[in-house]
Every structure is written in structure tokens, then in C-alpha cells.
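Build the full structure now, drawing on both the sequences and the hints.
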Amino acid sequence: MSKVILFDLDGTLLPMDTEQFVNNYLKLLAEKVSPHLEPQTFIKALWAATEAMITNLDPDKTNEQVFTTTFLKMTQLQKEKIWPIFDEFYDQIFPTLSHLCQPTPLAKMVVEEALEQGYRVAVATNPVFPRQAIEHRLTWAGVEHVPFELITVYEESRFTKPHRQYYEWICEALQVQPEQCVMVGNDMQEDMSASQLGMKTFLVEGHVIDRGQPQYSVHDRGTLTDLYHKLKKREGIFSS
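The numbers in our numbering rise by one with no breaks, and the one at position 235 of the sequence shown is 238.
It is worth saying that the hints were derived from the structure and are not from the lab.
All the given hints hold, so there is nothing to weed out.
For lysine-lysine, the following PhoX-like pairs were computed, each having C-alpha atoms within a straight-line distance of at most 20 Å:
1. Lys47 to Lys82
2. Lys6 to Lys236
3. Lys35 to Lys47
4. Lys82 to Lys35
5. Lys64 to Lys82
6. Lys233 to Lys111
7. Lys30 to Lys47
8. Lys6 to Lys233
9. Lys76 to Lys47
10. Lys235 to Lys111
11. Lys235 to Lys6
12. Lys35 to Lys84
13. Lys84 to Lys47
14. Lys76 to Lys64
15. Lys236 to Lys111
16. Lys6 to Lys111
What follows is a list of derived Cβ distance ranges for each label pair:
17. Glu152 to Gly209: 19 to 29 Å
18. Arg237 to Glu208: 15 to 25 Å
19. Glu41 to Glu147: 33 to 43 Å
As the structure is a computational prediction, the values presented were derived from the model and not from experiment.
Where a beta carbon is used, it is the ideal one built from N, C-alpha and C, also for glycine.
This is the structure:
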């Protein structure tokens, strides 16, 4: 029997056009740091540091440590000079991006129904953002007060999607077996890759991301409304 439901955030609990959101986010962040770093140079370093997180498989390093090392090396900036600017951005400017999302009360309904059905719940968003940015997005989604047992943030997480190590790390943190988990997400590669470990997967339709390859098992699919009703009626992968 499944015991834990892992929820992706962007495009899943928080409907959004991810590409549009990221483009606007990068533009505003580049403007914020422009007194210290030319925007194109900054964006190049940011993407390189993000790629370093995505490809890192060293279990002894958090995603934050990987990002920081790569970013500072490329920019030759001092952390104490640039990190307060990042903190101020996430505190004051990042919240203004909420208009790029289409929050729905269904997100809270789905998670609360999962709890009602006796599931443990966690947020398995790709941990390439700091906690502050993820907490803002949980607030936009209307689930900031939900007692999630784990929220994957870059300060604490090792590995990223779609690596199996990311999902193994979650299982270890929650002390469950992959077969006891359901991964709910909108990304055919990043989220559905959880099936490699034996997790059940539910693809949330509406803002599906599919790069074509590789393809992973999708055990169930539907809108957030469908997900809510399947949970409530204990249908499909939630039947046992």
C-alpha cells in the first residue's frame, strides 16, 4: 500500500507556464544584480551553476554548496557581497511574480484529501531554488500551512530531478520504500522518472512538460480535479 504522496509544485500544485515564469524571474534577478555584474555574464553564470547542481552526484554536497562554488568561481565575486542582494531579491521582488501563476483552490483540496485518506505528504519540487523562493510559491498555491513532512529545498537537498538518487534521498529522509510512494507531477521526464525506483506516478494534465525522451512509466493521469476525485473515491493507483 502507498503511504506517501510526493507533490511537485510548479505546474502541478501551482499551475503556471514554467518557461514564462523563469524568463521573467531571470530578467528581474539580473536587473537586481546589475550594479555588480553585467546581466549576460550573470545569467551565464547562473545557468552554469544550475547545471552543476543538476549534474552533481556527490552525496556529500548539498545543491546550495554546488551552486555557490560554481557561481562564485565563474563571477569572481565574494559571497558576502552578492548573497545579501539575492536574499533581498527573494524577500522583496520575487513575490511580485505571483501574477504569472494561476493558483487554484484544488491544490489545497487535493493535499488535504490525501491527509484525510491517511497519506503522509511531501513537496518534491526540483531543489534548485532556495527555501525562501519555494515558500513563496507554496503560499501562492495556498498550501503554506499544510504539515508537509519534507520540502526539498536547495539548502538541504542532495541531487535533483530526474536522477534516481534524488528520489532515493527522499525515501531515506522519510524512511519509506519507493514502492510505498506516489509521485504526482506534470513533467514527463523529471517527475515520471520516479517510476524507475518502483514509485507509482500520476501525471497532472494542464501544464505537461514533455521533452520526448527518455520516456518513463505513467501509472495514472488526469487534471487536479481528476486527482481529487480519484483520491476521494480511492480509485486507480489510490485504490489500495
